[in-house]
Amino acid sequence: MAGSILGHNSIQRRRRLELIVGLIVLAGLCLLPLVVKDVYTQNLIILTILYAGLAQAWNILGGYCGQVSLGHALYFGIGAYVSTMLYVKLGIPPTLGMFAGGLVGGLFALLVGWPCFRLSGHYYAIATVVVGEIGYLLFLNWDFIGGASGINIPFKHESLVELQFRVTKVPWLYLVIAYAGLAWIIAWIIEGSRWGYSWRAVKDDVTAARSLAVRVFPSKMAAAAISGCLTGIGGAIFAQFVGYIDPDSIMSGNLSILIALPAVLGGVGTLWGPLVGSALLIPLKELSSSYLGSSGSGLDLMIYGALIVLIALARPQGLISLLGLFRKPEGAR
Amino acid sequence: MTAELILQTLLSGLLMGLIYALVAAGLSLIFGLMDVVNFAHGELLMVAMFATLVLHNLLGLDPLLLLPIVAVLLFGVGMAIYRLLIARALSVTFNTGMVQIFVTFGLAIFIRGAAQFFFGGEFRSINNSWLANKTVALAGIYIPLPQLAASVVCLLAFALLLAISKTEFGRALEATREDREAVGLIGIDRDRIFAIGWGMGAAAVGVAGVMLANFYYISPQVGANFALIAYVTVALGGFGSLGGALIAGIVIGEVEALSALVLEPSLKQVGMFAIYLAVLMFRPRGLFGRL
Chain V
35 MAGSILGHNS IQRRRRLELI VGLIVLAGLC LLPLVVKDVY TQNLIILTIL
85 YAGLAQAWNI LGGYCGQVSL GHALYFGIGA YVSTMLYVKL GIPPTLGMFA
135 GGLVGGLFAL LVGWPCFRLS GHYYAIATVV VGEIGYLLFL NWDFIGGASG
185 INIPFKHESL VELQFRVTKV PWLYLVIAYA GLAWIIAWII EGSRWGYSWR
235 AVKDDVTAAR SLAVRVFPSK MAAAAISGCL TGIGGAIFAQ FVGYIDPDSI
285 MSGNLSILIA LPAVLGGVGT LWGPLVGSAL LIPLKELSSS YLGSSGSGLD
335 LMIYGALIVL IALARPQGLI SLLGLFRKPE GAR
Chain W
6 MTAELILQTL LSGLLMGLIY ALVAAGLSLI FGLMDVVNFA HGELLMVAMF
56 ATLVLHNLLG LDPLLLLPIV AVLLFGVGMA IYRLLIARAL SVTFNTGMVQ
106 IFVTFGLAIF IRGAAQFFFG GEFRSINNSW LANKTVALAG IYIPLPQLAA
156 SVVCLLAFAL LLAISKTEFG RALEATREDR EAVGLIGIDR DRIFAIGWGM
206 GAAAVGVAGV MLANFYYISP QVGANFALIA YVTVALGGFG SLGGALIAGI
256 VIGEVEALSA LVLEPSLKQV GMFAIYLAVL MFRPRGLFGR L
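As given, the protein sequences belong to chains V and W, one line each in that order. Every letter in the first sequence is one number past the one before it in my numbering, and letter 91, counting from 1, is 125. Every letter in the second sequence is one number past the one before it in my numbering, and letter 132, counting from 1, is 137.
What the hints contain is simulated information worked out from the structure, not anything from laboratory work. For every residue, glycine included, the Cβ atom is placed at its ideal position computed from N, Cα and C. Just to be clear, a hint being listed does not mean it is correct.
Unchecked claim - Calculated from the model, a selection of chain V residues having no Cβ within reach of chain W, i.e. all distances over 10 Å:
id	residue
1	Leu60
2	Lys71
3	Ala134
4	Glu196
5	Trp229
6	Ala242
7	Ala243
8	Ser331
9	Tyr338
10	Leu344
To be verified - Reference listing, derived: stretches of chain V covered by chain W, where coverage requires no fewer than 3 residues with Cβ under 8 Å from a Cβ of chain W:
id	region
11	160 to 166
12	254 to 267
13	270 to 280
14	290 to 304
Isolated chain W, as found in the complex (with noise of 0.2 Å):
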């Protein structure tokens, strides 16, 4: 095993990572702040991919040029989660955990079937993209350029989330957050902050979709793996907290990296898996989680 083999493994650990933390920094904003996990939001991630496939052959534009676009739907389809199907399930009196658990769920199973009725089984891929199958070489490692791309606007999105929660609006998050009866006593709808809680988490999973498109397979099943992760991120990183999802998330693809050097291929998922395991133990509400 070279340092060159090592430093590879960790650099593409690192690049995916980034992904897998913005996937999941959604997943942690809508948790952190309603108490709500998205069972479809894996679904959200395939949706994305699809848009920029359909965008993209539609148009002809590059998935680059589709980010915004795409992020925008993704904004709005997460709005309207909220509005039609996550509103009633938070008025609900009964079991409310159980009734937010099964409604997401029945939802990513109503999304995955949509998406195969429309586009069937198969595997598709964006292979005429600007940036496809383009690789920089570095001191003699390869960096595949649609990761690097990826990585950077996923920074970036990270960024913007960080700055958004330090305006008023972000302000208004994280009061509703700590106490969700208490805000609309100082003129906060918390329906409308809830929705667009839903929104901005449904356009980050959006923005890592349109990336992952660039060099990634496309089809119905392709959420389920993601979700797996990021749900996985979002309890090693502790649910609510950005910075959490962000460095849960570079540990996970590091892990799943490494694990790959050393075990079989389809065994590679346990050894993430595991560290999470091992990590609850000693911090059960994960790393960055607010006890």
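So that you can see chain V by itself, here it is in the shape it has in the complex (with noise of 0.2 Å):
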């Protein structure tokens, strides 16, 4: 018994660990402009910590619980088209529009899960992939929302409730660091929570879980929702800040890739591999089609993918496992 005491005492030290960090973090991202004045790099950082707070978000669903969606570009896209034209069509500020694109994120990803959580394995991951596909089809053809040419954000005026920001981007980057912030002590909480353990009970073993009286769908449904409405949230913040949205630029599958990966490469179902995938995964994707890409000469592909493979292949632990500070909880199978 003493064994388990010690063991629970352990963990929560981690936990308590891992907030200090986190919040030392939180704080010196914030100092970030202080730092860099450059414009340029302040969009690759502001890219960069909104993917970490959207791969974090698919982290919910695809690493602590399990289940791989190669959908994910759906209730990112749902969640950027609603506040966009509750913006747009009625003026309702994105600070409230953004929670609504959440919502009917999060609903969206009960009603694919609903169908498709009786899938397992390669089955689930394909019916995602395909639902992601008919979502981008059929935003495609739908001319109320724009259609194939989009919808454009008109900027009116430099507005905090509106999040118009044209003066400086010193703003967009305080709003995907509470993005993040909110999706890292959402994940931290989950951590500690008993959804948590269910969560990676379903993640290891179904069967097994199931025997222990973990009830199975509802953990994967309540994983989806969390999942789905703050990838939502995340659509939202990215429609605002680029000003222009079309279903090829905030729906495709290749998005929808776009947002596991930096999880996926980072570590999957831990608190940080989300953002340290994408810390390295998103400024050498955008640096790379910047300065290779602009020519069409497919070479940034080229690097793209490799760094995929070699990444996979020599760290399927993720890259977080480089800092054996934080170790996976559960410990590796």
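Combine both chains into one complex, guided by the hints.
As structure tokens, this is what we get:
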């Protein structure tokens, strides 16, 4: 018994340590605008942190609960379209609209999960690809929301409530830090909660989990709802940030992969994996496509693809494993 | 809507469906054997189409004559992918499923980038082959010869795959699929079987690629769409089932052709995706998948 109590204490201690490290990282990120003045670099950092939040959202379903979704662009796109339509057509500010987008994104994740969670392994992964593709095709042909030509978000005036910033990029930086911080703290809470243990049991062995009275289907649905909701909020922020959305840029299958990749490369089912993966992947992708990809030579894709293969093979437990401090909670299998 | 139009539609759906079936058969073979979904499958198709284009321009040979050359070439590519990447991915003890998905995904992006690098992004086609732009008319129905030839070749390839499954090697394949640990005890080299399985899967998609190059545009992006259809086909037929891939391919081809009659062209794939999802509700492992 002493052993288990000791184990419990050490888990508590590690969780507290992780929270402290989290706060330090958060503070560090908030100080970035003091150091980084260059607009291009600021842009890169904003995208990196946004993807860290999105990958964390994916990680909640794909990592902790083990349901490898390759269709998260659907929730991202829905969140973006809901908040944008509310703003452009009804004038409802995106600060409210993004929560509406998150809500609808979460509802759709439940709607997709209800039939798809009966499928296992590769059947599930492929079904999510197909659902994402159906969403993409339908949005492409839906004239009310602009169809293939997309929607332009007009810039009216500098406003915090309407998330319209043109003078400086710094407010965007704080917004994505808040977003990624929210995703991180939700993941942190989940890790220590009963749900978190249930989800990891579902991930590791469905049959064994069921025999221990873990309610498998509700576990998956809860993970999907939180994951879809966070992804939808991220989509709404992204739409407002770039000022223009169309199905190709926010609902394509490639985006679904890009949402999942940072978590996979950084460390699936870990608190820090999504941030670490994103910090490596997004700058590399953006830099290689702006220096090599402008000519359409394909060199940027070759580097990007090769990098994915190399990291996946060399560090299957994710880059995070390079830092011994943040061991994977349940230990390597 | 006339009877001729419907017959015409059904026929073109069947012809395209047989190509989908062969692409899917390659994917299904690899999955059934070692539980790996090859997300670079569409890119293998693209490689086969570009190989046909290059060899056609270089040697002046008709795609039909290039069929065996490209098939052998793709067999080699498949084996190389297994030896260099997949064997390593299989030996990973952590996150195995996810590593497999993203290794083949990264490979797909890499191959697409390489094609872009060497050939540029524009659409190409082979216009001066023996079969190009020829049709046969049968009772008021026009059948394009390249499509007809493609479906005949696909059927032959299916027959060949079936014949292989009856040989000694085919039984070794089946045994490895049943229990990959135990086969080592009866002297089957699992690694070699897996490598050959990848070769065969790639060769199957290679054959489909050559026949497709006769009448379809060729570009670095061409694989993505066929790959998506192949995943749907395989999941509909059931992973690892050869007959399932054949029947599901035809079903998908027909659904696509018929939805093009009633839906807008850009929406025609929604029909097949919806059918696939509907079937999965009742058969979570596809029509012929083992439960």
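Now the hints, each set against the structure:
no. : hint       : result
1   : Leu60      : holds (28 Å)
2   : Lys71      : holds (34 Å)
3   : Ala134     : holds (26 Å)
4   : Glu196     : holds (34 Å)
5   : Trp229     : holds (21 Å)
6   : Ala242     : holds (17 Å)
7   : Ala243     : holds (17 Å)
8   : Ser331     : violated (6 Å)
9   : Tyr338     : violated (6 Å)
10  : Leu344     : violated (8 Å)
11  : 160 to 166 : holds (count 5)
12  : 254 to 267 : violated (count 0)
13  : 270 to 280 : violated (count 0)
14  : 290 to 304 : holds (count 5)
Against the hints set out earlier in the document, violations occur for numbers 8, 9, 10, 12 and 13.
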